[in-house]
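So the protein sequences, as listed, match chains A and B. Once you know that position 167 of the first sequence is 1641 in my numbering, the rest is easy, because the numbers rise by one and skip nothing. Once you know that position 107 of the second sequence is 1581 in my numbering, the rest is easy, because the numbers rise by one and skip nothing.
Calculated directly from the structure, the hints in this document are not laboratory data. A hint or two may mislead.
Because identical chains cannot be distinguished in the list, a pair is counted as satisfied if it fits within a single copy or across any two copies.
Derived EDC-like pairs (lysine to aspartate or glutamate); straight-line CA-CA distance at most 20 Å [said to hold, decoys possible]:
1) 1614 / 1590
2) 1536 / 1876
3) 1693 / 1667
4) 1797 / 1772
All values derive from a computational prediction rather than experimental measurement.
Protein chains: 2
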Amino acid sequence: MLIVKKFGGSSVANKERIFNVARRCIEEYKNGSDVVVVLSAMGDTTDQLIAMAEDINPKAKKREMDMLLTTGEQVSAALMAMAMQALDVPAVSLNAFQVMMHSTSRYGNARFKRVETERILHELDSRKIVIVTGFQGVNKYDDITTLGRGGSDTTAVALAAALHADRCEIYTDVDGVFTADPRVVKNARKLDEVTYDEMLELASLGAKVLHNRSVEMAKKYNVELVVRSSLNDTEGTVVREGADMEKLLVTGVAADKNTARISVIGVLDKPGIAFNIFDTLAKNNINVDIILQSVGREGTKDISFTVAGDDMEHAIEILEKNKKRLTIKEVSCNPNVAKLSVVGAGMMSNPGVAAKMFEALYNSRVNINMISTSEIRITVLVDEKDIDKAMNAVHDGFAMGE
Amino acid sequence: MLIVKKFGGSSVANKERIFNVARRCIEEYKNGSDVVVVLSAMGDTTDQLIAMAEDINPKAKKREMDMLLTTGEQVSAALMAMAMQALDVPAVSLNAFQVMMHSTSRYGNARFKRVETERILHELDSRKIVIVTGFQGVNKYDDITTLGRGGSDTTAVALAAALHADRCEIYTDVDGVFTADPRVVKNARKLDEVTYDEMLELASLGAKVLHNRSVEMAKKYNVELVVRSSLNDTEGTVVREGADMEKLLVTGVAADKNTARISVIGVLDKPGIAFNIFDTLAKNNINVDIILQSVGREGTKDISFTVAGDDMEHAIEILEKNKKRLTIKEVSCNPNVAKLSVVGAGMMSNPGVAAKMFEALYNSRVNINMISTSEIRITVLVDEKDIDKAMNAVHDGFAMGE
């Protein structure tokens, strides 16, 4: 068995936790498995490094930022190797240069292009536990890149894919993937299995257990993912292709409060105008989500859409600046909204899901502002104040706790 | 002009000092020079990292130690690049992988084998200030090595040699190389020039301004070194081959209190015994300095020698363990001794120096225990309590303050 295990920053935040992780990996190693460990930076190291950088230059180039931040994982990887050596197990730490984790050039948000396996396989062959720095790559200029926040998940999956690992385990501070956020929905249930597509919908909808790109990559290379707790031995949630798995009608419900609604009012009702609006936003890296058009007065129309809450001000600024060209009469916005989604692979062959969801919301007096659907997801926009109530209502409506 | 500038950890210990260094480098850059900056880790970062490692594994492998420690220079290099960017000057930080500073394999104490220049020259061509992490190399296994304490000096000289730099400036917290330690000898005078050999003797004798290996390398590749203060604009001391320079009879006087005398008493007076003793010590990495043999009783002899104070206990342990094989009757030691040396290239052609030195010591009632000489150096062993008095006496005896 070859197993890739990824531990986040809080799992290696201090000496005690480092040794906990070391023991956990050693157990698997002593059972005869080859073990590759991917680590994030210790605790809040990354935030501290960012603060140092911002103190010196708030507009520091991302290339230098990546050079700075990647030291964090190198520290935790080296200390982990030392901890394993203290427990009499041979271990070696490797950074992105040593593994050769080839990435695209884009600093701060790079993607893996190719991952070499020679060095890791060589170290595994000599029965060492191999510890790899997460979150980082090397681009074609031989410069260090980072994958963006949560990128260590992607490092783990990329290595699991390249090494044809039997399993890729992502350790977090929760027991796995739940039918809903357990802090909001008391009877939320841990799922034994979800499909990649379900996980992708859940991840992008605020159930922040896995980095989205890592799930995409796991799906592409058919890597079996396990999400489990670093704090206990509970079996986690397996993410894999759903061929032989029970297809639940609805797998989970997720909420996303980082949402805002923007309305542009009185735009000319002629071809190309809507395209121009969304194209202008896209060119400024603003992602538009649910879209609703309605007919306005005198040959005009109103268009409403949602953006990430963080992007709202920037979006409005851009729309105001291009008001004339885009024939917009007025821009309004509402940050106090939230998205609620139900996700389930079983939905594809079952048309009654939407009706059931709307019924549950209606019975709880939750008003629906906008609706959007995909093959395995239904999303509604509700007032932010209603979101917890709505989540519980939908969770109960589909009896997800049972 | 291509100039390599090296700044130690205290020169980049905080934001203010980082900007001071940045401004200093930018001034040179704006005068049209190409500037390469070599940095150590900030302040006491290295000590902090060592403490973290020792807490986890006091016997950590040196490979992992080097992996850990080298993050320190990467942090200071990245922050320096950001500071220069904040001052609107293009700058780029490079680590040992990016430059390709090839070193021997020995972790914790590697030596440079070859330094590639392509990447640095490319960055200089695009008019960037290039900031290189000091103290680190990459060995043939693609693993990170360190050069040992003070190794950043060597990085600077290696780069200056490879790049055929016009000058290599080593910035410290003193104004340059002095005729004696100014804290001990009040009228110690800053030297304008010293030869490589003089600097080597002074460096190895406790005038800890430059890392010894860096001076050897500067001599080998004929790199003009300048030692100067990072705190003010005083012209420093130039270290170069002494062809056209005034050959002072005596350049400086240095003291080394980290010295201990060991005596082995009653060893058999037959060939090979002395060799065996020093060979045994050498195999345990103990450097023996001044040696004195004297005839003992009944076909035996006594041998006294000095070692570094830090090595004394280890040396005694080894000698006691091999007492029988080495035919030693008794081992005694004295840690309360110190070495005093006068150094000067002019000594070679001037036989009166030793006499003058002994006279100065005699006039001050300082007793000489042992003597050792090289072509350009005379060293005496004195009681530690006498060392400051002796240093002043010799400094005055040669009128070095004038």
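Hint-by-hint comparison with the structure:
{"no.": "1", "hint": "1614 / 1590", "result": "both (14 Å within a copy, 18 Å between copies)"}
{"no.": "2", "hint": "1536 / 1876", "result": "neither (48 Å within a copy, 54 Å between copies)"}
{"no.": "3", "hint": "1693 / 1667", "result": "within (14 Å within a copy, 68 Å between copies)"}
{"no.": "4", "hint": "1797 / 1772", "result": "within (18 Å within a copy, 109 Å between copies)"}
The structure fails to meet hint 2 from the earlier list, while all remaining hints are met.
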